[in-house]
Amino acid sequence: MPVNIAITFLVGSALGWLACKILKPPPHFRGLIMAFCSAGNLGNLLLIVVPAVCDEDGNPFGNDRSQCRSRGLSYSSLSMALGGLFIWTYTYSLMQKSGKLYHKMQSKSIQCPADSDEEHLEGFKAGDEEAALPASAGPDDEHNEGRQIEAPLLSCESDVANNKGFWVNLKEAVHQLVEELMAPPTISAMIGFVVGLVPWLKSLIIGEGAPFRVIQDSLELMGNGTIPCITLILGGNLTQGLRKSVLKRMVIVAIVFIRYVAMPVIGIAVVRAAHGVGFLPHDPLYRYVLMLQFALPPAMNIGTMAQLFDVGQEECSVIFLWTYLVAAVALTTWSTVFMSILS
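Residue numbers (the UniProt record's numbering): 1 to 343.
Accuracy of the hints is not assured; some may be wrong.
In silico lysine-lysine, DSSO-like type, Cα no more than 27 Å apart, as pairs [said to hold, decoys possible]:
no. : residue 1 : residue 2
1   : Lys248    : Lys104
2   : Lys97     : Lys24
3   : Lys24     : Lys100
4   : Lys24     : Lys104
5   : Lys248    : Lys108
6   : Lys24     : Lys248
7   : Lys171    : Lys104
8   : Lys202    : Lys97
9   : Lys104    : Lys202
10  : Lys108    : Lys202
11  : Lys97     : Lys21
12  : Lys104    : Lys21
13  : Lys97     : Lys108
14  : Lys202    : Lys248
15  : Lys21     : Lys171
16  : Lys171    : Lys97
17  : Lys248    : Lys97
18  : Lys171    : Lys248
19  : Lys100    : Lys202
Label-pair restraints from in silico Cβ distances [stated by the list, open to error]:
no. : residue 1 : residue 2 : range
20  : Phe193    : Pro60     : 50 to 58 Å
21  : Ala262    : Gln106    : 31 to 39 Å
22  : Val337    : Gln106    : 38 to 46 Å
23  : Val261    : Glu314    : 49 to 57 Å
24  : Pro2      : Pro27     : 29 to 37 Å
25  : Thr333    : Gly62     : 18 to 26 Å
26  : Ala210    : Gly165    : 51 to 59 Å
If you are wondering where the hints come from, they were derived from the structure by calculation, not from laboratory data.
C-beta atoms are modelled at their ideal positions from N, C-alpha and C, and glycine is treated no differently.
Build the full structure now, drawing on both the sequences and the hints.
In structure tokens:
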């Protein structure tokens, strides 16, 4: 499953990058588009869809519904934990770069014209005061005027000309990696993996006779309430998508095409090839979850990151609106196709 999720991010990023090259959106939206094409809703949506499929009559995953739900919840929980690691590292870095680029463009567009206008007004005032003096402009004056004209341009381009050294860039990269790994979802996923993989820790918390079973009950209680809360937040974000945005319609169409046409087809090919080689078990439910990871709508955490870095918030709402509207039909269609392939 980690390799499958990595493939979804790799293929989605490549297709998003190709869409940016063809459609040429504003530079600070390119990371946003790549994030929407690569990061799927690997968390709460799978926790809703997979158990619901197990409860349906005639599903290809066995007649024992309780066992199917148990395995489905296990696969969905693993997908949520691994997806959180990828989203809060790779997608986080994409959104952070887009935010920095956006604020850099905004600061330049505000500061540079303001500086040039002030110097322009000062030049007019000086010209009005000296208009009555019968003095001719010499070569030194012309040289000074040229320097005054070039000053705003140099001040605007000073940031671009400032090249950082190798060690400074390496230090910033390490600091960014540590910052991404210290995100609360990443730490929670790591703690969950440690508890699940270490037998004596697992026996202390998980199980009917565990001495600290109250921790599992408390986490399960909070987790059950998190799913409807996230769904409500999704609905609130979708209502903001009715506003206008500067993104072209073709960009939204490209994201929808990548997420619901190109990615599922690639997912079927990847999973069937891996199963044919012998990398996957014979459990059809596990392969169904792997295929479903390619057909999910974008991750809700992208909107959180857009608000965190103050970039493309309205555009995120518009993209969320259309992708989740199409997901109501696309997810049902592809789920039927996946089950027909596995049956």
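Practice item. Look at the Cβ atoms of Val261 and Glu314 and judge whether their distance stays inside 49 to 57 Å. Key: For Glu314 against Val261, whose Cβ atoms are near 26 Å apart, the range 49 to 57 Å is violated.
Point to revise | Straight-line alpha-carbon gap Lys97 to Lys21, limit 27 Å | key: 18 Å, holds
Practice item. Check the following: the C-beta atoms of Ala210 and Gly165 are separated by a distance inside 51 to 59 Å. Key: 53 Å, holds
Review point. Has the given pair, Lys24 with Lys100, been kept, meaning a C-alpha gap of at most 27 Å?
Key: 19 Å, holds
Check your understanding: Holds or violated: are the alpha carbons of Lys21 and Lys171 at most 27 Å from each other?
Key -> 30 Å, violated
Review point. Do the alpha carbons of Lys202 and Lys248 lie within 27 Å of each other, as the hint requires?
Key: Answer violated: Lys202 to Lys248 is near 51 Å, above 27 Å.
Point to revise | Hinted pair Lys104 and Lys21, Cα distance within 27 Å | key: 22 Å, holds
**Study point:** Given pair status - Lys104, Lys248, alpha carbons within 27 Å
**Key:** Given that 27 Å is the threshold and the Cα spacing comes to 23 Å, the pair holds.
**Study point:** Distance restraint evaluation - Ala262, Gln106, Cβ atoms, bounds 31 to 39 Å
**Key:** 33 Å, holds
Review point. Are the Cα atoms of Lys171 and Lys97 separated by 27 Å or less?
Key: Holds, at about 16 Å.
Check your understanding: Between Lys104 and Lys202, is the straight-line Cα distance small enough, at 27 Å or below?
Key -> This hinted pair is violated, its Cα atoms lying about 48 Å apart.
Check your understanding: Does the structure keep Lys171 and Lys248 at a Cα separation of 27 Å or less?
Key -> 37 Å, violated
Hints 8, 9, 10, 14, 15, 18, 19, 20, 23 from the list above are not met by this structure, while the remaining hints are.
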